[in-house]
Every structure is written in structure tokens, then in C-alpha cells.
Amino acid sequence: MPLTINNLNHQIHDGHLQRWLLTRISLEIAPGECVALTGDSGSGKTTLLNLIAALEPLQQGEIYVSGQPLHRATDKERSRLRKQTLAIIFQHYNLLSCLNVLDNIGFSARLAGRYDESHSLSLAKHLGIDHLLEHYPDTLSGGEMQRVAIARALSARPKLLLADEPTGNLDNRNSDQVVKLLLSLAKSHHSALLMVTHSSAIAEKMDKVYQLKDGCLSRRLLGEQNG
Numbered sequence: 011m012p013l014t015i016n017n018l019n020h021q022i023h024d025g026h027l028q029r030w031l032l033t034r035i036s037l038e039i040a041p042g043e044c045v046a047l048t049g050d051s052g053s054g055k056t057t058l059l060n061l062i063a064a065l066e067p068l069q070q071g072e073i074y075v076s077g078q079p080l081h082r083a084t085d086k087e088r089s090r091l092r093k094q095t096l097a098i099i100f101q102h103y104n105l106l107s108c109l110n111v112l113d114n115i116g117f118s119a120r121l122a123g124r125y126d127e128s129h130s131l132s133l134a135k136h137l138g139i140d141h142l143l144e145h146y147p148d149t150l151s152g153g154e155m156q157r158v159a160i161a162r163a164l165s166a167r168p169k170l171l172l173a174d175e176p177t178g179n180l181d182n183r184n185s186d187q188v189v190k191l192l193l194s195l196a197k198s199h200h201s202a203l204l205m206v207t208h209s210s211a212i213a214e215k216m217d218k219v220y221q222l223k224d225g226c227l228s229r230r231l232l233g234e235q236n237g
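Counting in our numbering, the sequence shown runs from 11 upward without gaps.
Mixed in with the good hints there might be a few duds.
[To be verified] Calculated lysine to any residue pairs in the SDA-like style (CA-CA distance at most 20 Å, straight line):
#1 K93 / T14
#2 K223 / T33
#3 K135 / K93
#4 K169 / L106
#5 K190 / G42
#6 K215 / R183
#7 K190 / E144
#8 K169 / K197
#9 K93 / K215
#10 K223 / N17
#11 K215 / S185
#12 K135 / L180
Simulated from the structure, these hints should not be mistaken for lab results.
Full structure from sequences and hints, please.
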């Protein structure tokens with residue numbers, strides 16, 4: 011199973027107090043399954059992604075990524091997991107300014123030892139950035155940088171893909187193309203996809219939709235309004 015979460019609890023500082031941001035979170039995502047995570051701003055969606063990616067320390071509960079227990083993993087094992095098994099599409103791109111678009115796309119795949127230039131070029135073409143391969147991030151628009159970041163995450167064919175509002179800086183046309191590509195590649199490579207989104211239209215395209223509210227995770231039926 012690419013992702014299993016058991017009874018996850020997480021506290022944060024809120025002013026001078028501590029409060030539970032996440033309580034008793036449990037979730038499983040199967041290979042090739044695409045899941046949307048919805049909820050109001052500040053509900054803990056990004057924090058949950060960071061915990062799954064081992065970017066924040068786990069306080070209580072269990073997280074398994076491709077069978078590896080993050081709650082018992084060493085720093086070296088967590089680092090290797092981020093290189094080999096999962097990929098993250100960040101809200102703020104995190105592109106490397108010293109690399110051109112093609113090298114940014116291939117960066118994660120090179121770290122994982124799975125670089126395939128033809129795959130990188132195919133991703134660039136599907137995302138409409140193949141004319142920008144020799145350009146550098148500081149010459150790109152926000153939407154172009156977002157598409158480079160998406161291509162980079164997909165280049166290593168991860169077992170688990172975490173996406174934090176991956177279409178937030180894209181117009182409707184490009185947003186539809188990106189979501190279609192993410193879903194297609196997740197299915198064809200048997201990768202699990204967990205996508206944070208505020209868009210009901212995007213959430214409806216997923217296999218399952220979950221909502222974070224008041225620290226708790228609940229499944230929404232497709233077609234049900236977010237509330």
C-alpha cells in the first residue's frame with residue numbers, strides 16, 4: 011500500500027496555547043488511486059502532507075509509505091524515501107534557480123537514479139512547456155513555474171505523489187490539462203495521488219474525496235457539497 015495512516019494526532023502552537031490540529035486521522039490509498047483532500051484554510055491539509063513526506067516530526071500515530079514506517083525511520087531512511095518513493099508538488103514551486111527548465115524537470119529523477127530524458131521531454135510537451143526547456147526559473151510566469159514543478163514531481167515515477175493545490179496558479183484550460191495528466195500518469199504507473207484542492211470540480215474527478223474539518227478527516231461522497 012503506497013500510503014497508510016493510523017490514528018494520527020498533531021498539536022500546534024496557537025498563540026500561547028497548544029491545540030490539536032489533527033485528531034485520530036486514519037487513511038489508506040491504494041496503488042493507482044487518486045484522492046482529493048479538501049477543507050478550509052488552516053484546517054491542517056498542508057501540515058498533513060508535510061507529515062506524510064516526513065518534512066515535519068511525527069508526534070502521535072503511524073504513517074507507512076510503501077510499507078516503510080515513518081514513525082520508526084531514521085533521518086537517513088526518511089531522506090531516501092523522499093528521493094526514491096514519493097514526490098511533492100509544492101504551492102511555491104521550489105525550483106532551482108541555477109538550473110534550466112529541462113534540468114529542473116529531471117532533478118528528482120536523477121536523485122532517484124531513474125532519469126529518462128525522453129520521459130522528461132514527454133512531460134514537458136504534455137504540460138505545454140517544451141518551448142521553455144532552455145529557460146531559467148526567473149524568466150517564467152507563475153503558471154509556467156507551476157507546470158515545471160509538476161513535471162519534476164512526475165519525472166521519477168513516484169509510488170506516492172503529494173500535491174498541494176497544484177493548479178492554484180493555472181487558468182481553467184491549463185488546470186484541466188494538468189489534472190488530466192496527473193490522473194492518467196497515476197493510473198498508468200500505479201502511483202497513489204493525494205491532492206489538496208479547494209476546487210469542487212477538481213475534487214469530483216478523483217476516485218475519493220476527504221474533508222478535513224475541526225481536526226477530523228471524513229469521507230465525502232462524490233457530488234456532495236463541501237461544508
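Do the hints match the structure? See the list:
A hinted pair counts as satisfied when its Cα atoms are at most 20 Å apart, and K93 with T14 qualifies at roughly 19 Å. Under the criterion of a C-alpha separation no larger than 20 Å, the hint pairing K223 with T33 is consistent with the structure, at around 10 Å. Proximity of K135 to K93 is assessed by CA-CA distance (about 24 Å); at most 20 Å being required, the pair is judged violated. Only pairs whose Cα atoms come within 20 Å are accepted, and K169 paired with L106 is rejected, the gap being roughly 23 Å.
Proximity of K190 to G42 is assessed by CA-CA distance (about 14 Å); at most 20 Å being required, the pair is judged to hold. For the proposed pair K215 and R183, the alpha carbon gap of about 15 Å is at most 20 Å, so the pair holds. Taken as a hint, the K190 and E144 pair is broken in the structure, with Cα atoms around 26 Å apart against an allowance of 20 Å. Using a Cα cut-off of 20 Å, the hinted pair K169 and K197 holds, with the two alpha carbons roughly 11 Å apart.
Between K93 and K215 the CA atoms are separated by roughly 28 Å; this puts the pair beyond 20 Å, and the hint is violated. Only pairs whose Cα atoms come within 20 Å are accepted, and K223 paired with N17 is accepted, the gap being roughly 16 Å. Taken as a hint, the K215 and S185 pair is honoured in the structure, with Cα atoms around 12 Å apart against an allowance of 20 Å. For the given pair, K135 sits about 16 Å from L180 by alpha-carbon distance, which is consistent with the 20 Å threshold.
Hint compliance for this structure: hints 3, 4, 7 and 9 are broken, all remaining hints hold.
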